[in-house]
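Colleague: So the protein sequences, as listed, match chains G and F.
Counting in our numbering, the first sequence runs from 1 upward without gaps.
Counting in our numbering, the second sequence runs from 1 upward without gaps.
I should point out that these hints are in silico values taken from the structure, not numbers from a laboratory.
Note that this is a predicted model, so its numbers are computed, not measured.
Any given hint could be a false lead.
To be verified - Distance ranges between label pairs, derived from CB positions:
id, chain 1, residue 1, chain 2, residue 2, range
1, F, Lys70, G, Phe364, 55 to 63 Å
2, F, Glu300, G, Leu293, 39 to 47 Å
3, G, Phe364, F, Ala64, 41 to 49 Å
To be verified - Result set (DSBU-like, lysine-lysine): computed pairs, CA atoms no more than 35 Å apart in a straight line:
id, chain 1, residue 1, chain 2, residue 2
4, G, Lys219, F, Lys219
5, F, Lys219, G, Lys205
6, G, Lys282, F, Lys70
7, F, Lys28, G, Lys207
8, G, Lys366, F, Lys233
9, G, Lys207, F, Lys69
10, G, Lys207, F, Lys260
11, F, Lys90, G, Lys366
12, F, Lys260, G, Lys205
13, F, Lys278, G, Lys207
14, F, Lys17, G, Lys12
15, G, Lys207, F, Lys219
16, G, Lys22, F, Lys107
17, G, Lys12, G, Lys144
18, G, Lys207, F, Lys107
19, F, Lys116, F, Lys177
20, G, Lys205, F, Lys77
Glycine included, every Cβ here is placed at the ideal spot set by N, Cα and C.
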Amino acid sequence: MASPNRVLADLKVFVRGYTRSKIGLFFSLVFPIILILLFGAIFSGGNGGPINVYVQNLDAGQVGISFNAGNAFVAALNNNSTTTVTLVDNNQNLTNYMLSHSANQGVLIPQNFTRTYLNNETVDVVVYANPADTSSPIVEQTVKGIIADFNSQGSSRMHSVGYHQLSIKSQSYKYIDFLIPGLVGFSVLTSPMFSLVNISSEYKKTKLFKQLSLTPLTKTEWLTSKVIWYVVLGIISFFLMTQVGAALFGAHLDYALMILPFLVIGPLFFVSLGMLVGMISKSVESAAVVGNLITFPMMFLSGTFFPVSLMPMYLQNIAHGLPLFYLIDGLNQVMIYSNFSQALFDLELMVALSAIAFVLAVAFFKWRED
Amino acid sequence: MSAIEVSSLEKSYGQLKAVDGISFSVRKGEVFSLLGPNGAGKTTTIEILEGLRQRDGGQVSVLAADPWKKGYQLHRKLGIIPQGFTFFPKATPREAVTYYSTLFGAKTDPDAILRKVILEDASRVYFENLSGGQKQKLGLALALVNNPELLFLDEPTTGLDPQARRNMWDVIRGLEKEGHTIMLTTHYLEEAEVLSDRVAIMNHGRIITDGTPAEIIEKHGSGERLEVRGDEKLADYVREKTGFDVAYNDGLVSVRLRDKRDAVIGLSSIDQSGLPWKDLKTRHDSLEDIFVKLVGGSIEEGGTIKKSLDKRESDSGNSN
């Protein structure tokens with residue numbers, strides 16, 4: 001039976017050691033801030049505010065029904081923090097209109113949108129985007145989020161169709177808004193992973209685990225105290241990053257409650273994974289190598305610094321196999337797109353992965369030898 | 001009533017038999033030492049008794065429990081300093097004692113425990129900055145937190161300077177006076193002789209002999225000896241003239257005495273030889289002498305065996 005007193009005692013001694021060493025604190029709290037300052041400064045050329053999307057709504061609604069799905073879709077595009085709508089007259093050719101206005105983001109709502117939606121038939125919303133523009137993936141994600149909401153209410157057949165059109169570059173969205181969730185994910189990944197890989201292999205080598213096995217402290221209690229610390233550290237880091245991002249680069253601040261489960265599940269997963277790597281490795285050195293082999297590809301391919309949708313398809317496929325992708329995607333869905341249904345999917349996946357990782361970490365965690 | 005009962009204990013690592021069918025018991029309230037060089041099987045034995053390793057064969061009972069099966073419950077009654085004790089580098093001894101107290105659910109006064117092991121002056125120094133002796137004392141302090149019935153000290157003074165070692169001995173003697181049962185392993189002959197009520201000498205996984213230091217000396221010793229510093233010729237001369245058992249080793253001529261008269265005869269013979277000699281003394285065998293006799297060498301500071309001259313010569317002869 002786990003004892004809260006023992007977990008607390010172990011947490012206290014671990015936190016003291018962690019905060020006294022300074023190096024851990026630097027990499028957990030200061031380093032991500034430095035990255036925000038660095039990347040924020042590099043990519044702070046945007047004009048700020050929501051991304052302007054040119055929308056042509058060809059839907060005329062349905063006779064006898066007051067609900068107009070096209071109008072509802074436009075309203076949803078207009079009433080979120082990431083996009084604002086400029087309506088294009090139905091007589092215009094949307095493509096030509098966008099070209100003449102140097103626009104990269106456009107959405108076409110087809111005729112009979114309301115009827116097909118209400119009849120549960122397949123209907124496509126066409127998204128015009130420029131892959132060279134960092135705002136395009138954000139618009140795509142926002143549209144997907146709105147579609148997910150529509151699908152959850154009625155038909156499940158609505159799709160978005162991306163149409164890549166080369167046009168004059170214009171940047172209208174702040175990179176910092178995208179960077180912060182990425183770097184929160186970065187922090188949640190690196191702090192526990194590097195620390196636990198090192199601690200678990202080092203304690204095994206110095207036989208500190210063997211000593212602890214001679215006390216009533218259990219393996220689960222030991223691991224739990226580490227999870228608690230990295231959750232606290234992750235939350236502190238999150239607030240620091242968002243505040244610095246908002247103060248220096250005008251990042252959009254939205255402390256939605258749904259961010260919290262990601263800040264709990266993330267550290268749980270990476271503490272367990274770090275522990276697992278340290279335990280199955282034969283030496284401190286090999287643990288570091290294995291830890292780096294897992295951490296670095298995940299760090300760069302999961303959408304930490306760049307949107308995954310900007311990467312080639314084969315890399316995107318790899319990214320979808322990385323746990324950090326779902327953490328960062330979930331944070332993006334909550335913090336940028338307000339797409340809570342997609343965020344919930346990401347969260348459920350992370351919970352399942354974390355449960356497996358924690359059980360495996362405890363199973364492979366050996367205090368004593370045979 | 002025994003605190004520890006060991007019968008035909010065996011443990012192997014691959015082809016190596018680390019512990020080869022040893023049996024012994026430790027009585028409540030006594031200090032019992034396993035004495036032997038590195039690789040003798042001491043740590044494997046004590047770790048099996050602590051419940052840290054699984055035995056291959058034999059029977060083991062610690063405070064009437066099987067330590068491998070009942071380790072978690074047993075550890076609440078044991079105090080243990082593992083070999084090479086270590087702790088979190090940035091924790092102080094006071095924090096360490098408080099931490100262990102909470103883990104064991106024990107109400108202890110950290111300052112009182114640190115006083116007991118003479119570590120109160122360093123109570124707020126980070127573990128990484130403590131001296132070797134202070135680190136071992138902290139290990140002992142942590143072993144005492146749960147007021148244990150039985151203490152296991154695995155090489156508690158290895159690597160310490162002579163002064164720190166003697167300080168540690170004082171602390172261990174104090175615990176013995178308080179009635180603690182203590183089992184320790186050591187490769188320091190003097191430590192075993194000074195601290196132990198009973199000793200078991202181990203080599204190559206086996207117990208060669210056991211008993212109180214006096215019993216071992218009585219059983220394996222060769223009584224009183226007359227010793228002088230001199231060369232091998234002097235040893236040969238005395239042996240020839242007296243017919244006594246005379247040994248020579250590294251500039252020391254040693255004459256075994258059966259009674260007081262032999263001392264007079266031996267000394268006369270030395271004087272009559274006309275050969276140079278000095279440093280006359282008589283003495284009984286020490287535990288070290290017995291160890292050399294039984295194991296064929298003495299233990300060096302690092303715990304390895306330094307073979308005696310006779311043994312080296314016999315080994316050399318065997319190899320030819």
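Colleague: Among the hints numbered above, which are violated by the structure, and what are their numbers in rising order?
Modeller: 1, 3, 4, 5, 8, 10, 12, 13, 14, 15 and 17
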